[in-house]
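Visitor: Here is what each chain is made of, one letter per residue.
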Amino acid sequence: MDARVTNEVNYPAAGLDRGIGAAPRDKIVDVSVENVVRLFGATAALHGVSLDITAGELVALLGPSGSGKTTLLRILAGLDVPTAGRVLFDGEDALKLTVQERNVGLVFQNYALFRHMTVLENIGFGLRVRPHERRPSRKEIKRRALELLDFVQLSGLEKRYPSQLSGGQRQRVAFARALAIEPRLLLLDEPFGALDAKVRRDLRRWLREIHDKTGHTTVFVTHDQEEALELADRVVVMSEGKIEQIGTPDQIYDDPNSPFVFSFIGESSVLPVNIEQGKIWLDGHALDLPADDVPSGEARLYFRPHDVVVSDELAGAIPGEILAFRRHGGTRRVDLEVSGRDRIEIELPADFSHGLSGWLGIRPRRYRLFPASEASAS
Amino acid sequence: MADVAVSPSVVLSLRGPSVTTEKPAVRVTLIVISVIFLGVFLLLPLAAVFVEAFRAGVGAYFAAITEPDALSAIKLTLLVAAIAVPSNVIFGLAASWAIAKFEFRGKSVLNSLIDLPFSVSPVISGLIYVLLFGAQGYFGPFLRSEGIQIIFALPGIVLATIFVTFPFVARELVPLMQEQGTQDEEAALSLGASGWKTFFKVTLPNIRWALLYGVVLCNARAMGEFGAVSVVSGHIRGKTNTMPLHVEILYNEYNFAAAFAVASLLALLALVTLVIKITLEWRYADQIVASRRH
Amino acid sequence: MAGARGLALKRPSAIPGFGLALGFTLTYLSLIVLIPLAGLVLKSATLGFSGFWDVVTGPRTLAALELSFFTSLAAATVNAVFGVIIAWVLIRYRFPGRRLLDAFVDLPFALPTAVAGIALTAIYAPNGWIGSLLDPFGIKVAYTRFGIAIALIFIGLPFVVRTVQPVLEEFDRELEEASATLGANRRQTVFRVMLPSLMPAILTGFALALARAVGEYGSVIFIAGNMPFYSEIAPLLIIIRLEEFGYAQAAAIGTAMLLISFGLLLFVHLVQAWQRRRFGNG
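Chains as they are written, first to last, in the working numbering: chain D, 1 to 378; chain W, 1 to 294; chain F, 1 to 282.
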């Protein structure tokens, strides 16, 4: 867990082959996004987004559709141009470089493999189209392509066509193809979105390994928070063209700084409360939970279903009337009604025993309070 | 707020990034090449028809198209179309009903057979009937003894025209009806409608635009067919000449203005056909599945 | 009919009319297509194989078949090149008059062949609009093989354009983007990524244009000159043999032409099957 949080460049550990695939030290870049705005007509896909990525980091752009994450990725790739703002690679203006000049590796959700070329030809494509001065010999291209194929663990498939491969295999070929050009930056657009759940999980692990071996600065876009939290060194949570929060997976999960992030990441239960005299009031009676620094007035109490302590003692706790019990994998879910109108869900160990009706006193172990004005209708 | 620098590449791109399109100079060049090519190969001949038609003056133009042989050519053309097109419509409806509503072996063979005339030269399309019904054909003696004239008469012309044009209606109906499936008909039947009622009240309305489309194409080809009809017709002025054949006769007699005058009528028909075709494609694209297939 | 229906149908159906519809269809096809075509083949068979071979490989016939085939080949090639350009321009670019131009591409399908024939002759004759421009340079178009090719270009153009257009329209832009990110410039993307992918459609259009051109009569007969061994196309030779009452000979040439057409159709099917196998569907 600690290794992921570090921002140092991860050069392959001793003993691992440092030839093909690994990014040369001088090629991995820092990326700096400064106030990037992207307007489409009157609508803004990006509202002035700023972000700094250290060389060698694996960063996730996480958000629902329409959050602007793909737009940002495409701007980094050069496939889209911002209406305003700057993008810097190692301090140099990247926007004045064409797509071809940026040397960015891009992996698409639907692989975008060239159907009429074999796997080997696909991987070697980026090397074959280089201008004469920089183009390796045909033998060399073939050698490198085979090495990369081996690196992504698909040896033996070089003569196959994309239509003869499974989804997971196609995506690995797409990776190898992107790695072949020795990119300064690796960009992945929902790379596992088109794959089955099991393949997705396997490839997630595989991506982390590849990243640890090669050390490229990598940015990937996803709407799957599980994926982002599991893979990334840092997560950038986006919503409606703005960055909500940037942090490590632990920070994002344990310390969300906005209602959106709280409810988007992990599960959440929400209750409307009132802050008065430094206390939290729910439906007229006070909860014995500290109110933090939230100003007086209407607010929302956010907590996670599994982060609660439950007892029969209702005083000072959130009183919930049991509506239903459910078995959910290895735990129990309880639907409760609070204040006669709000529904919350809590998660308890499977062996929790209680009558099927009655009241429970809920005390969140961890929670956040947000003023009602901040809490969107999420 | 950091300086909002708009990078040069924003200014240079015409409408967003140009990764998936060519440089402006290339685009303009290709457009010009296309326009010139289409202009020379398609527009010029069309224009030539009308220019040459009026070369001898408007009076001569109308004289050419109202002259008795021309009129009988027009009448014959219309008559042939009036027989061939409905006949092919019935065939098209029958064939698409069989293919679209039922599962049977040999469907793909049937489909290939329907497409057959497209791969056959028009001259061969006429030749086969001469071989059957001509004076020295298989049925020649029999027909002569019965006093029936097929070749060098209307029936032969109709047959040859039918051969060349029957795919047009079927090709438009089959894919559409296959796409529409059998649900509507099954629903109607379950509600008590008879087979014919179902056909007229449920099936036909569903396919009416594709049917019209096919009829328009079939008709254009039927009226304009030259090669096949030329072989079976005998070129008897005033009797077995359709409009295209009449054009040929006038042309071979060096009566160019008159030839182009009659030809201009056919060209007008072609333009009207195009207009109807385009209108149907634009308005009812989803109901004319094969419109892009040609 | 119920018995026949039971035999033919794979699955029982509540919908009526199968026997009637299929029966009518098959009868129509037999009478109009199958029997006459059989008659053609039978007639040419009366020559016996060596007789058939002699007719088909006789110098005049051979010249006519070669003329038809090679001028068609040249015309189809021109159509393949310009057809792709025109399809590209119509699908990928936006400019005033584009829709009109698109509609106009279908003109050769709609215009009667005889009309096209005399119009093309008028244009390319030595005193015609274009012919008079070329005549001073000694370039003759009408009444030469060149003229035949021009006419065949006219009638074959829509085949390539209309076959390529839908494929180009559906072309996945992400492939172009991927190619660019890998460092390919636009020219490389077009020629290494896009055109190879379009090749099956281009080949199909080419073959269709070729098949149509080989049998074409009306558009060509006026501009051709019709001199035996030089500018006499195969369909014309069939007519000449018919007028001479050489029915069997005419049938033999016709059968040979049918074989060429069917060969081309088979080629088209094979291309499409190969494409489906190699590239997968869609």
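Any given hint could turn out to be false.
Using 20 angstroms as the maximum straight-line C-alpha spacing, the simulated EDC-like pairs for lysine to aspartate or glutamate come out as follows [as the list claims (entries may be wrong)]:
(1) D:Lys96 with D:Glu158
(2) W:Lys23 with D:Glu374
(3) F:Lys10 with W:Glu253
(4) D:Lys139 with D:Glu101
(5) D:Lys159 with D:Glu190
(6) W:Lys23 with F:Glu174
(7) D:Lys242 with D:Glu374
(8) W:Lys23 with D:Glu101
(9) F:Lys10 with W:Glu186
(10) W:Lys239 with W:Glu253
(11) D:Lys96 with W:Glu186
(12) W:Lys277 with F:Glu174
Just so you know, the hints here were simulated from the structure itself, not pulled from any lab data.
Visitor: Please list, smallest to largest, the hint numbers that this structure does not respect.
Guide: 1, 2, 3, 4, 5, 11, 12
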